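Colleague: Build the full structure now, drawing on both the sequences and the hints.
2 protein chains.
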Amino acid sequence: MAGKKSSKQANSIKVGIIGFGTVGSGTVEVLQKNRDIIRDRVGWEITVKKIADLDISSDRGISIDPDLLTTEAMEVIADPEIQIVVELIGGIDKAKEYILRAMEKGKHVVTANKALLAEHGKEIYEAAEKNEVSLAFEASVGGGIPVVRSLREGLSANRIHSIMGILNGTSNYILTRMTQKGLPYTKAVEEAIEHGYAEDPPTLDVDGTDAAHKLAILISIVFGVPVTFKDIYREGIDRLTPEDIQFAGELGYCLKLLAIARDLGDAVDARVHPAMVPLNHIMANVNGVYNAIYMEGDFVGPNLYYGLGAGRKPTGSAVVSDLIYLARQIRQGIKQVIPPLAHVHPRRDKVLVQPVQELMTPYYFRFSALDRPGVLSKISGILGENGISISSVIQKGRDLNGSVPLVMLTHEAKESNVINALSQMNGLEILTDKTMMIRVEAS
Amino acid sequence: MAGKKSSKQANSIKVGIIGFGTVGSGTVEVLQKNRDIIRDRVGWEITVKKIADLDISSDRGISIDPDLLTTEAMEVIADPEIQIVVELIGGIDKAKEYILRAMEKGKHVVTANKALLAEHGKEIYEAAEKNEVSLAFEASVGGGIPVVRSLREGLSANRIHSIMGILNGTSNYILTRMTQKGLPYTKAVEEAIEHGYAEDPPTLDVDGTDAAHKLAILISIVFGVPVTFKDIYREGIDRLTPEDIQFAGELGYCLKLLAIARDLGDAVDARVHPAMVPLNHIMANVNGVYNAIYMEGDFVGPNLYYGLGAGRKPTGSAVVSDLIYLARQIRQGIKQVIPPLAHVHPRRDKVLVQPVQELMTPYYFRFSALDRPGVLSKISGILGENGISISSVIQKGRDLNGSVPLVMLTHEAKESNVINALSQMNGLEILTDKTMMIRVEAS
Chain A
1 MAGKKSSKQA NSIKVGIIGF GTVGSGTVEV LQKNRDIIRD RVGWEITVKK
51 IADLDISSDR GISIDPDLLT TEAMEVIADP EIQIVVELIG GIDKAKEYIL
101 RAMEKGKHVV TANKALLAEH GKEIYEAAEK NEVSLAFEAS VGGGIPVVRS
151 LREGLSANRI HSIMGILNGT SNYILTRMTQ KGLPYTKAVE EAIEHGYAED
201 PPTLDVDGTD AAHKLAILIS IVFGVPVTFK DIYREGIDRL TPEDIQFAGE
251 LGYCLKLLAI ARDLGDAVDA RVHPAMVPLN HIMANVNGVY NAIYMEGDFV
301 GPNLYYGLGA GRKPTGSAVV SDLIYLARQI RQGIKQVIPP LAHVHPRRDK
351 VLVQPVQELM TPYYFRFSAL DRPGVLSKIS GILGENGISI SSVIQKGRDL
401 NGSVPLVMLT HEAKESNVIN ALSQMNGLEI LTDKTMMIRV EAS
Chain B
1 MAGKKSSKQA NSIKVGIIGF GTVGSGTVEV LQKNRDIIRD RVGWEITVKK
51 IADLDISSDR GISIDPDLLT TEAMEVIADP EIQIVVELIG GIDKAKEYIL
101 RAMEKGKHVV TANKALLAEH GKEIYEAAEK NEVSLAFEAS VGGGIPVVRS
151 LREGLSANRI HSIMGILNGT SNYILTRMTQ KGLPYTKAVE EAIEHGYAED
201 PPTLDVDGTD AAHKLAILIS IVFGVPVTFK DIYREGIDRL TPEDIQFAGE
251 LGYCLKLLAI ARDLGDAVDA RVHPAMVPLN HIMANVNGVY NAIYMEGDFV
301 GPNLYYGLGA GRKPTGSAVV SDLIYLARQI RQGIKQVIPP LAHVHPRRDK
351 VLVQPVQELM TPYYFRFSAL DRPGVLSKIS GILGENGISI SSVIQKGRDL
401 NGSVPLVMLT HEAKESNVIN ALSQMNGLEI LTDKTMMIRV EAS
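Chains A and B are the protein sequences, given in the same order.
Read in order, the letters of the first sequence correspond to residues 1 to 443 in my numbering.
Read in order, the letters of the second sequence correspond to residues 1 to 443 in my numbering.
Careful: at least some of the hints might be erroneous.
In the DMTMM-like style, the derived pairs of lysine to aspartate or glutamate whose C-alpha atoms are separated by at most 20 Å in a straight line are [what the hints assert, rightly or not]: (1) B:94 with B:40; (2) B:33 with A:371; (3) B:33 with A:266; (4) B:350 with A:40; (5) B:14 with B:79; (6) A:122 with A:250; (7) B:434 with B:243; (8) A:33 with B:266; (9) B:49 with B:72; (10) B:414 with B:441; (11) B:350 with A:235; (12) B:122 with A:371; (13) A:130 with B:40; (14) A:33 with B:263; (15) A:230 with A:123; (16) B:33 with A:298; (17) B:96 with B:75; (18) A:33 with B:298; (19) B:181 with B:132; (20) A:414 with A:441; (21) A:396 with A:371; (22) B:181 with B:194; (23) B:94 with B:75; (24) B:33 with A:263; (25) A:122 with B:55; (26) A:350 with B:40; (27) A:187 with A:129; (28) B:130 with A:132; (29) A:350 with B:36; (30) A:33 with B:296; (31) A:350 with A:126; (32) A:230 with A:207; (33) B:105 with B:132; (34) A:434 with A:263; (35) A:378 with A:433.
Looking from chain B toward chain A, a few residues come up when the C-beta cut is under 10 Å (computed) [to be verified]: (36) 321; (37) 347; (38) 376.
In case anyone wonders, no lab produced these hints; they're calculated from the structure.
Note that this is a predicted model, so its numbers are computed, not measured.
Backbone N, C-alpha and C define an ideal beta-carbon position, used for all residues, glycine too.
Modeller: Here is the structure:
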């Protein structure tokens with residue numbers, strides 16, 4: 001396409017942006033401030049030709065020619081000069097429509113929309129293939145960390161055995177504050193909102209949905225087919241207490257909201273939940289709004305990628321790295337070198353997710369128990385009957401709401417057995433509150 | 001090239017390997033064991049057509065058709081079916097000759113040869129451009145960690161302000177053992193040799209040369225032009241003592257062999273030396289044979305990449321990721337999408353390295369001083385005359401070889417002033433041994 005233009009025009013690749021919020025303005029800022037190095041690296045200019053947003057009057061802190069702005073997304077898609085459409089509005093229906101329309105018009109697409117890719121990826125990946133365009137989505141996972149590219153290319157020689165990600169900066173910030181300052185959950189959430197690290201309310205961040213969206217994308221690249229997002233087990237951080245964080249510390253662990261995937265051969269173990277991580281594991285040092293992805297491949301061994309997982313600038317960096325990637329291809333007259341999920345012939349039709357009931361892992365329990373004889377025996381008896389063996393116990397005389405905390409770490413046990421045991425304990429009059437259960441990882 | 005072949009042949013990309021040592025056999029092992037997923041991801045097979053090595057009789061622990069083996073490297077280069085030549089013999093002269101010859105014949109080249117790229121990269125990068133072939137060298141830095149790809153692509157939207165790398169696994173293992181077990185340097189080296197983590201003697205690993213080679217490659221990608229390797233200041237770890245590691249710990253630091261680069265605008269601060277790293281910095285947790293690269297970009301912010309920096313399997317993973325990268329291009333009929341140093345039009349002709357005498361950084365000093373009145377005053381006086389101000393002092397009554405250690409941390413000072421001050425102290429009879437000087441980083 002570009003190759004046929006006159007030399008002056010051909011020196012510039014035209015981009016249209018749909019969505020001029022945080023990430024959109026970050027993207028424009030990168031393109032403006034680093035225009036010189038981008039031109040040096042690509043060989044051609046990358047120029048923003050149109051920006052669509054419902055709000056075209058607010059000040060985004062960057063100077064922009066008002067003629068570029070439109071309230072009509074379809075104007076961006078219809079512009080024949082625009083070769084790459086960047087979708088940054090988020091949400092599902094409109095974003096999907098815009099992306100599919102752009103692809104039908106032969107335009108390459110860059111998106112940061114993890115929810116859309118996790119829930120409707122199949123349709124979009126197929127549209128890219130059908131229309132012979134490239135789809136790039138580095139910004140959808142891990143903010144500025146080039147983890148999508150690393151999975152698609154850097155680790156492409158490996159069978160990826162496992163992924164362990166801290167993929168949501170908001171919940172990691174909340175857990176970090178709870179850990180470092182002993183704050184209760186609600187107080188840490190308030191702080192996160194004050195600092196602009198969380199929306200109010202931060203539902204999709206703290207309930208595991210956002211991290212699960214990102215995990216679904218990573219798993220899809222590993223196997224080359226979209227995973228069914230709703231099969232990924234999700235559990236949030238809102239029930240965690242400073243007491244659990246303190247007990248975890250005494251046992252040599254910290255608490256992280258982990259996104260976990262393990263290749264089981266015929267299925268994949270995929271889940272997002274709070275987990276105990278050993279303090280000497282490198283993931284235990286990922287604090288605040290930072291994200292990290294720890295992966296193990298059969299040849300590369302353990303690999304960690306760490307950086308800011310959100311925000312205008314890091315996400316802008318990821319979007320523009322995708323624009324550079326596509327611009328380099330366009331300059332060579334290429335439509336697609338790597339398919340969206342980095343597999344030309346995926347081996348499977350679909351990725352089966354193992355039900356969480358089948359999980360085998362060690363567990364942490366905190367029982368709120370009356371401080372009377374026979375309690376430990378009763379509880380450990382029920383665990384034993386369910387094939388759950390205990391590896392350590394902390395029992396302290398501390399009185400919390402008329403009862404004492406009884407903390408146990410188990411050896412590896414089956415989740416369905418844990419569910420049975422805890423339900424058998426329901427209604428025991430020696431237990432004064434719901435039992436806290438946290439899975440233990442990487443130990 | 002491939003596109004013109006009949007469909008049966010076209011389904012396989014033929015590779016020739018020169019050098020069948022550790023990395024060569026790791027590469028073949030990846031191609032054999034992961035043949036299925038590589039084919040799924042590339043769409044075509046990657047087949048080893050010839051392997052050249054002076055030793056074609058030793059058992060490498062993998063089964064290989066003996067007909068593939070030859071002692072003549074030129075046989076690999078001359079084979080018209082081979083589209084990618086993998087150079088894994090290391091060293092300079094022969095490796096360079098083979099690479100240049102292969103490029104002249106229109107073959108793409110993959111190499112793991114950091115010494116060659118760091119010292120003679122210009123000639124090789126230019127040959128790739130002139131012959132319109134691709135050059136890939138992921139395995140030259142950080143073993144299996146895809147840091148070359150991350151710099152060339154993932155962070156391509158950024159001005160990279162700084163790089164801080166633990167790039168040599170051997171010296172990191174030695175320092176880790178000295179730290180964790182209090183071993184003296186020579187004892188830790190012996191252990192590293194026993195475990196196969198070091199050659200005997202491990203000169204280029206412990207004197208900083210290997211890390212400087214890798215740093216030179218990373219800097220060259222950042223600016224798009226080769227840096228002059230000999231201008232990079234290098235200092236090894238052999239003079240470090242368990243006492244210094246212990247004092248560092250008391251001051252809140254650990255000791256790492258760091259490869260450091262900072263963009264100063266008109267020049268680059270580039271150096272490899274032992275450095276004190278704050279214990280709460282994520283780089284302080286990089287232990288054993290692991291490597292890590294910490295980079296700061298103007299938009300992405302801090303990024304860390306971590307993994308195994310050497311060894312048959314991780315390095316094989318990196319080489320094969322390059323083969324996949326090239327195979328995906330070849331399948332599309334493309335010769336080169338990204339130039340070797342990832343810049344089509346580099347801004348500068350050369351990268352100037354700032355002389356280390358100009359460095360401004362805090363310093364650690366350990367003086368071996370006689371335990372008598374006036375010593376502290378004399379030493380701090382000389383430092384003060386040279387504009388060096390002290391931020392903390394540890395003086396203990398411990399008698400080491402008839403003298404006591406006097407440890408100081410300074411505020412930021414200029415290296416030339418430090419050199420002056422230490423030379424003015426030479427011959428002071430209150431100092432009983434050479435003064436230990438270690439630079440402090442990231443504080």
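Colleague: All hints, please: hold or fail.
Modeller: Right, here's what the structure says about each hint:
1. With a C-alpha separation of about 35 Å, the suggested pair residue 94 (chain B) and residue 40 (chain B) falls outside the 20 Å cut-off, and the hint is violated.
2. For the hint pairing residue 33 (chain B) with residue 371 (chain A), the CA-to-CA distance comes to about 58 Å; that exceeds 20 Å, so the pair is violated.
3. Proximity of residue 33 (chain B) to residue 266 (chain A) is assessed by CA-CA distance (about 18 Å); at most 20 Å being required, the pair is judged to hold.
4. Using a Cα cut-off of 20 Å, the hinted pair residue 350 (chain B) and residue 40 (chain A) holds, with the two alpha carbons roughly 15 Å apart.
5. About 10 Å separates the Cα atoms of residue 14 (chain B) and residue 79 (chain B), which keeps this hinted pair within 20 Å; it holds.
6. Proposed proximity of residue 122 (chain A) and residue 250 (chain A) is contradicted: the alpha carbons are some 45 Å apart, above 20 Å.
7. Of the pairs offered as hints, the one joining residue 434 (chain B) and residue 243 (chain B) holds, with about 14 Å between alpha carbons and a cut-off of 20 Å not exceeded.
8. Between residue 33 (chain A) and residue 266 (chain B) the CA atoms are separated by roughly 19 Å; this keeps the pair inside 20 Å, and the hint holds.
9. For the given pair, residue 49 (chain B) sits about 14 Å from residue 72 (chain B) by alpha-carbon distance, which is consistent with the 20 Å threshold.
10. Distance check on the hinted pair: residue 414 (chain B) and residue 441 (chain B) sit about 14 Å apart at the alpha-carbon level, within 20 Å; holds.
11. Under the criterion of a C-alpha separation no larger than 20 Å, the hint pairing residue 350 (chain B) with residue 235 (chain A) is inconsistent with the structure, at around 53 Å.
12. Taking the CA atoms of residue 122 (chain B) and residue 371 (chain A), the gap is about 75 Å. The hint is violated against a cut of 20 Å.
13. Annotation: proposed proximity of residue 130 (chain A) to residue 40 (chain B) holds, straight-line Cα distance about 19 Å (limit 20 Å).
14. At most 20 Å may separate the alpha-carbon atoms for a hinted pair to count; residue 33 (chain A) and residue 263 (chain B) meet this at roughly 17 Å.
15. For a cut-off of 20 Å, the pair hint linking residue 230 (chain A) to residue 123 (chain A) stands: about 16 Å separates their Cα positions.
16. Distance check on the hinted pair: residue 33 (chain B) and residue 298 (chain A) sit about 10 Å apart at the alpha-carbon level, within 20 Å; holds.
17. Straight-line distance between C-alpha atoms of residue 96 (chain B) and residue 75 (chain B) comes to about 16 Å, which keeps the hinted pair within the 20 Å bound.
18. Annotation: proposed proximity of residue 33 (chain A) to residue 298 (chain B) holds, straight-line Cα distance about 10 Å (limit 20 Å).
19. The suggested pairing of residue 181 (chain B) with residue 132 (chain B) is violated, with an alpha-carbon distance near 52 Å, which exceeds 20 Å.
20. Our distance criterion of 20 Å between C-alpha atoms is met by residue 414 (chain A) and residue 441 (chain A), whose separation comes to about 14 Å.
21. For the hint pairing residue 396 (chain A) with residue 371 (chain A), the CA-to-CA distance comes to about 10 Å; that is within 20 Å, so the pair holds.
22. Using a Cα cut-off of 20 Å, the hinted pair residue 181 (chain B) and residue 194 (chain B) holds, with the two alpha carbons roughly 16 Å apart.
23. For the hint linking residue 94 (chain B) to residue 75 (chain B), the alpha-carbon distance of about 14 Å falls within 20 Å, and the restraint holds.
24. Pair hint residue 33 (chain B) plus residue 263 (chain A) holds up; C-alpha atoms about 17 Å apart against a cutoff of 20 Å.
25. Straight-line distance between C-alpha atoms of residue 122 (chain A) and residue 55 (chain B) comes to about 50 Å, which puts the hinted pair past the 20 Å bound.
26. Between the alpha carbons of residue 350 (chain A) and residue 40 (chain B) the distance comes to roughly 15 Å, so the proposed pair stays at or under 20 Å and holds.
27. Restraint check for residue 187 (chain A) and residue 129 (chain A): the C-alpha separation of about 47 Å exceeds 20 Å, so the hint is violated.
28. For the hint pairing residue 130 (chain B) with residue 132 (chain A), the CA-to-CA distance comes to about 31 Å; that exceeds 20 Å, so the pair is violated.
29. For the given pair, residue 350 (chain A) sits about 17 Å from residue 36 (chain B) by alpha-carbon distance, which is consistent with the 20 Å threshold.
30. Under the criterion of a C-alpha separation no larger than 20 Å, the hint pairing residue 33 (chain A) with residue 296 (chain B) is consistent with the structure, at around 16 Å.
31. With a CA separation close to 14 Å, the supplied pair residue 350 (chain A) and residue 126 (chain A) stays within the 20 Å bound.
32. Taking the CA atoms of residue 230 (chain A) and residue 207 (chain A), the gap is near 14 Å; set against the 20 Å cutoff, the hint holds.
33. Proximity of residue 105 (chain B) to residue 132 (chain B) is assessed by CA-CA distance (about 10 Å); at most 20 Å being required, the pair is judged to hold.
34. Distance check on the hinted pair: residue 434 (chain A) and residue 263 (chain A) sit about 33 Å apart at the alpha-carbon level, beyond 20 Å; violated.
35. The straight-line distance between the Cα atoms of residue 378 (chain A) and residue 433 (chain A) is roughly 16 Å, inside the 20 Å bound, and the hint therefore holds.
36. At about 5 Å, the closest approach between the beta carbon of residue 321 (chain B) and any beta carbon in chain A falls short of 10 Å, and the interface hint on this residue holds.
37. At about 5 Å, the closest approach between the beta carbon of residue 347 (chain B) and any beta carbon in chain A falls short of 10 Å, and the interface hint on this residue holds.
38. Against a cut-off of 10 Å between C-beta atoms, the interface hint on residue 376 (chain B) is violated, since the closest Cβ of chain A lies about 37 Å away.
Hint check: violations occur at hints 1, 2, 6, 11, 12, 19, 25, 27, 28, 34 and 38; the rest are consistent with the structure.
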